[in-house]
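With the hints as constraints, model all of the structure from the sequences given.
Just so you know, the protein sequences line up as chains A and B, in that order. Under my numbering, think of the first position of the first sequence as 1, with each following residue one higher. Under my numbering, think of the first position of the second sequence as 1, with each following residue one higher.
Source of the hints: derived by calculation from the structure; they are not laboratory data. It is possible that part of the hints are untrue.
Unchecked claim - Straight-line alpha carbon distances no greater than 20 Å define the calculated PhoX-like cross-link-like pairs of lysine-lysine that follow:
#1 Lys267/B x Lys45/A
#2 Lys267/B x Lys43/A
#3 Lys224/B x Lys15/A
#4 Lys39/A x Lys267/B
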Amino acid sequence: MFFSFFDSISMQGAKIFIVVILAVIAVWICALPGKYIFKGIDKPKLWQNLKIWVVLLMGVQILIYLIL
Amino acid sequence: MGIMWLDLFIILIYFAGIVIIGIIYKKYVKSAEDYFLGGRSLPWWSIGMAIVVSDIGAHEFIGGAGGAYRYGFVQGNYDWIGCIPAMVISGIFFIGYFWRAGVYTVPEYLGRRYNIWVRVIQALVWTLFMIGLCGVLFWIIAIFMNEMLGWPILVSILITAIIGGISVVSGGMGAVVMNNVLQLVVMFAGGIAIIGLGLNATGGLSGLADKIHNLGPEFSDHFKLLLPTNTKTPYPWTAILFGLSFVLSPAYWIANQSIVQKALCAKNEWNAKAGFLWAAVLKTFIPILIVFPGLIALAMTGNGLADGDRAVPYLIKEVLPVGLKGLVFAIFFGALISTIISLASSAATLWTKDFYQLILIKNKEDKHYLFIGRLTTIIVIVLAVIISTFGKIFSEIGIFAAIQTMLAVFQGPTFAILILGMFWKKASPAGGLSGMIAGVVAAVLMFIFSKNLFPGSVDPFLFIAWWSFVVGLIVTVIVSIFSKKSMPEDKIKELMYSSSIEK
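Have a look at this one:
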């Protein structure tokens with residue numbers, strides 16, 4: 001079965017796998033053009049940069065899965 | 001039962017507040033758009049708060065705490081890896097498409113991308129699911145009220161239906177969102193109160209851990225977030241990752257009408273996206289509010305509860321003082337009601353826009369569809385009340401698992417055709433329809449033969465969600481490749497990933 005392969009991965013390996021996925025998502029979104037991120041508002045302010053929100057969110061998730 | 005007159009007074013004030021909000025918002029509902037989408041005028045912070053409360057009203061706080069009672073900290077995955085990444089991706093990419101397309105529903109989007117039958121089937125399936133889920137939630141509330149107030153189950157269900165019904169039928173989505181916003185504030189306050197007082201009663205974090213570990217070896221994994229593949233729980237890490245975070249979670253946060261509809265109420269695209277990300281920020285704290293009550297109840301009772309889903313009512317009765325008891329009860333009741341009225345509103349939107357207006361009665365004036373929306377909401381609530389009378393079945397398998405099982409049948413195939421529709425221009429109307437049907441049939445068959453297909457798995461709904469997604473994906477691709485007709489590129493360009501990012 002497809003999932004039998006993962007029986008051999010340690011719990012530490014599983015954590016690293018999850019952390020990498022979270023980091024990839026954050027990097028992907030940071031690579032988007034700013035015009036797309038701010039679409040809908042005329043004079044964007046720093047706090048309205050959704051990339052910052054995403055980096056903070058993914059960062060917290062990475063810490064949770066590394067620590068717990 | 002532990003509820004004093006002060007508690008009861010607070011509870012009744014709360015009930016009245018829910019009704020009053022609905023009546024106040026009635027004056028803002030002049031059109032179908034006002035009723036279904038709050039006039040497309042809402043700011044990001046209210047959208048985010050409404051999304052969270054719509055999501056966690058019942059099956060998270062009570063069912064989730066029940067899950068934590070049974071299985072431990074692994075329950076937290078539902079709101080961390082099982083939510084946050086999907087919410088981020090949905091908020092940044094998919095919500096923008098839906099908002100820009102000006103759709104009322106996700107099936108409407110799928111209908112534009114594929115064909116009318118995909119739209120109609122999706123709408124009918126989601127409507128039935130939401131009615132069923134409302135029924136489960138009515139049952140949860142009834143257990144809650146029976147436990148706390150001693151009211152008969154049927155009486156509790158009817159009172160809930162009347163309170164929620166008046167609010168949503170009067171005020172529409174505007175009332176739903178405002179109820180949600182207020183619920184979230186007091187929900188956080190109440191959750192923190194329960195955890196603080198509960199940890200005090202169990203001797204703090206270390207006392208809690210000691211008490212649980214002393215219950216026996218079957219509780220040794222209760223403080224682990226990830227469990228090995230041979231765990232006896234339904235949550236091996238592979239199921240959490242592949243079934244939950246890769247399939248069920250994105251399908252829910254991208255394609256669940258009751259969630260997406262909040263973002264469609266935004267006043268512009270940035271507010272729609274930011275609303276979703278704000279919801280993700282708030283969701284980060286939810287596992288703490290949900291998991292700890294389950295663990296505290298386990299420690300305090302020594303695994304003495306007949307049903308893990310009674311953990312939260314037990315804590316409210318045993319841990320909280322008079323006054324606070326009533327307030328927290330009202331908070332949870334309000335959260336449950338918020339989810340119900342959100343679901344009822346979304347089910348009415350789906351039925352009215354994707355079936356009634358599309359197929360049955362077309363080209364009537366807007367006021368007619370506003371009336372039908374309200375009438376449908378009432379019918380949804382009545383049907384949910386009927387379903388709730390069969391609630392004992394859900395209690396036997398665990399409420400949380402019951403809801404997730406319902407989702408696993410069709411969220412996987414829905415997600416498959418949504419992803420292909422957005423990223424692959426060759427996904428054809430025939431492919432989308434075939435993939436959706438094949439995925440659902442596969443999921444049903446897997447459930448029927450689950451003991452043979454997933455031996456050793458306690459409850460394989462997460463694996464079924466993954467495989468039904470794979471079946472949906474494969475069938476959609478194969479049928480699309482051999483299809484003679486695909487959608488003209490100019491008709492679907494605006495609905496695809498690349499053009500929206502490049503603009």
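Flag every earlier hint the structure violates by its number, smallest first. The structure conflicts with no hint, since it agrees with every one listed earlier.
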